[in-house]
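J.: Two chains, two frames, a set of hints: combine them into the complex.
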Amino acid sequence: MLHLTAGRVGSLLARRATAALTNSSVRMASHGHDVAEMVDMSQPLYVDRVDIPLPDRPYKDTLSPAEESLKQKEKGPWSQLSKEEKLALYRLKFCQTFPEMQEPSAEWKTVLGGIFIFLGLTGLVVWWQKVYVYPARPRTFDDDWQAKQKCIDTVCHDRSHGLWLLFLSFSRGLAKNNHEEVILLYTQIKLEVVGFF
Amino acid sequence: MALPSQLGFQDAGSPLMEELLHFHDHALMVVFLISTMVLYIIVAMVTAKLTDKLVLDSQEIEIIWTVLPAIILILIALPSLRILYLMDEINDPHLTIKALGHQWYWSYEYTDYEDLGFDSYMIPTHDLTPGQFRLLEADHRMVIPTESPARVLISAEDVLHSWAVPALGIKADAVPGRLNQTTFIVNRPGVFYGQCSEICGANHSFMPIVVEAIPLEHFENWTSLMSEET
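Protein chains in written order, with our numbering: chain A, 1 to 197; chain B, 1001 to 1230.
So here's chain B without its partners, still in its complex pose (with noise of 0.2 Å):
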């Protein structure tokens, strides 16, 4: 989850979102380094004593400021291709779960093997118990094992939502009548949280996402556990 005042990203939960940090990283670096360079330009002007007021032009810079730019767009548009065509690779996913959107919960089907779904409900502010985060928390989560590839089928049963969870690097609209896929694998155990990203009314804010991932043994203890449950 991100922290209070927090600027950057959340720490990575899966490989792509690795991969993101990074080139996020470096586009970065390039912006602070053209802003630097441009607020030393400003500055060098503004407190400069003389003035040439015969300059008309100069083939040199005009030849150096259309090739430096082209440069950087490539080193730019290089690693980010790279990470898009990376989303995209066959990966063989060894589980699919349904996240269906509701207003304004979320519900979760696990059907690879037996008929198993429940709703993921917000816990209200006054409901929780001391030490779990407001507005974040669900009473149930959705359980992943760890390095194991998931497939996330997304869809929505009214209006528009968005299936977002930052740490994992996932967003993707719920649109009703739609199924929308991502795949993911989350490296290490942890619980990752998200929140709808896509306006759907008076609880749009209410209705966050809860990834829960753990080893695959305990996995296993904890769809037997939910089929009891339901």
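Next comes chain A alone, as it looks inside the complex (with noise of 0.2 Å):
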């Protein structure tokens, strides 16, 4: 029988207090896990944001004397502040300028390059499948075949195809309504087009 004799209760309530009054993080720090920094969100914070033009506290919080002095300085005329003073006076307040800020980084080089190296993987694949899945084309999309497919008024084969036809048909000075001398015609341009290749 476990009795819970009054020592027992008190390391009990000395190792909840611990745990209630130390935070998560401290605890897995000090058993061996790497833990994020803690940003303490309850004090003013100093962030170089461009929506945020004047944070809430100054970059600089603790100064060396040498810079309290020109804070001193500060207090008095700016006309008496050489250059090399103002700027750093600027930057005991700000940790960046705007431009700064702004500055444009070389990310987009990294992500176009691999955009263009998955385009490239999916090309590989892509013809892999061309040349080892794809079941042979139908006679049906051969040229020959598809000069003969009429339509009244339209063209039946691929756009692009037919208005390179049409153009082949005008250039030579053939009616363009008129379809067995234009099928004769392809057949004859596809000869001297396929002697060309």
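Honestly, the hints are just simulated from the structure, not real lab data.
Here the structure is a predicted model, which is why all the values come from computation and not from measurement.
Please note: incorrect hints may appear among the correct ones.
With a straight-line Cα cutoff of 25 Å, these simulated DSS-like cross-link-like pairs (lysine-lysine) come out [unchecked claim]:
(1) Lys75/A x Lys93/A
(2) Lys60/A x Lys93/A
(3) Lys1049/B x Lys93/A
(4) Lys60/A x Lys73/A
(5) Lys109/A x Lys1049/B
(6) Lys86/A x Lys73/A
(7) Lys83/A x Lys71/A
(8) Lys93/A x Lys71/A
(9) Lys93/A x Lys1053/B
T.: Okay, here's the thing in structure tokens:
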């Protein structure tokens, strides 16, 4: 039988109190875990942001004696401050200037490079599919088959193909509605083109 | 039929399809305008140098972006309802045809004057003559006279099918045990293709519909020919 003696209760309560009063990251850190740096959000913070032009506190809080004397000088007329002093005062109050905050980075190169790499890999996969997976193209895609497809007033095969045919028939002086002549012309041109390639 | 890599509708073969084309142009233009405006706003917000963090409300813009969409919706709804009611108008068809879906072919019955019925199977790719359309040609076409209101009664003998001809703006489910009716007028002579539009088994993609519209005098020749054949 376990008796909860006064001593045991005391030590239990002490452990509970320690757990309540320290925060979990301190306990984790003391037990060998890596813990991120904690920011106390209840205190005024300094941030370099374009939409917070005047942060809640100055950048440098604790000042050396030289900096203290400069701050005293700032309380007088500013025309007596030299250029270097003005710059030093700025750097006491702020970490980065606006141009420094808005400096472009080279991140876009990494992003674009990554995109191209994946596009290239996709291209490899597509090419492999074309060679090893797809069945043969049906014979209805052949040029002479498509040339024979007749539609009233429209060209039935690929629009760009049809436009090319129309252009050729115009340039060789044939009426565009004359399908038979166009088919003959097309076969003739195809032989010429195939010869070229 | 649809051309390769065609994105838009096929040329209309019936007055209803013409109406649908024009309505689609109107609705799509509204969509493009709204999308362009949204895209512009997104780009403007993303590229803005300064941010106003203290905006709480604005009654004026809230009113605008409530009233303007309501107006746009009305402008879309009015033509849409007009076409909806147009489809249901009384039109006294001259011809009634029954289109029955089977696995995996269509059969057409012209029983107004005499018993004419035939099956319409897809022509397999290896049987096509050069120039025919792959997966779209059928051995017997459903022939219709031009400029005559026609009624098609659609049903099925086994499983669900759907009788669709996009160029005429027609699609109606073929339900076993049920008769669905659709009426249309074909404006011009021509051949109009469609495909079965309800999954019906292994050869669902291989039971096309071909409607051939010819002038009335030739239609009578065709019916005599078909009657002799069957």
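J.: A separate judgement is required for each hint: does it hold in the structure or not?
T.: Results of checking the hints against the structure:
Under the criterion of a C-alpha separation no larger than 25 Å, the hint pairing lysine 75/A with lysine 93/A is consistent with the structure, at around 14 Å. Our distance criterion of 25 Å between C-alpha atoms is met by lysine 60/A and lysine 93/A, whose separation comes to about 6 Å. Distance restraint check for lysine 1049/B and lysine 93/A: the Cα-Cα separation of roughly 23 Å lies within the 25 Å cut-off, and the hinted pair is therefore satisfied. A hinted pair counts as satisfied when its Cα atoms are at most 25 Å apart, and lysine 60/A with lysine 73/A qualifies at roughly 17 Å.
For the hint pairing lysine 109/A with lysine 1049/B, the CA-to-CA distance comes to about 22 Å; that is within 25 Å, so the pair holds. Of the supplied pair hints, the one linking lysine 86/A and lysine 73/A holds, its CA atoms being roughly 11 Å apart against a limit of 25 Å. Taking the CA atoms of lysine 83/A and lysine 71/A, the gap is near 15 Å; set against the 25 Å cutoff, the hint holds. For the suggested pair lysine 93/A and lysine 71/A, the alpha carbons sit about 11 Å apart, so the restraint of at most 25 Å is met.
Note on lysine 93/A and lysine 1053/B: the hinted pairing holds, with a Cα-Cα distance of about 23 Å set against a maximum of 25 Å.
Checked against the numbered hints given earlier, this structure breaks none of them.
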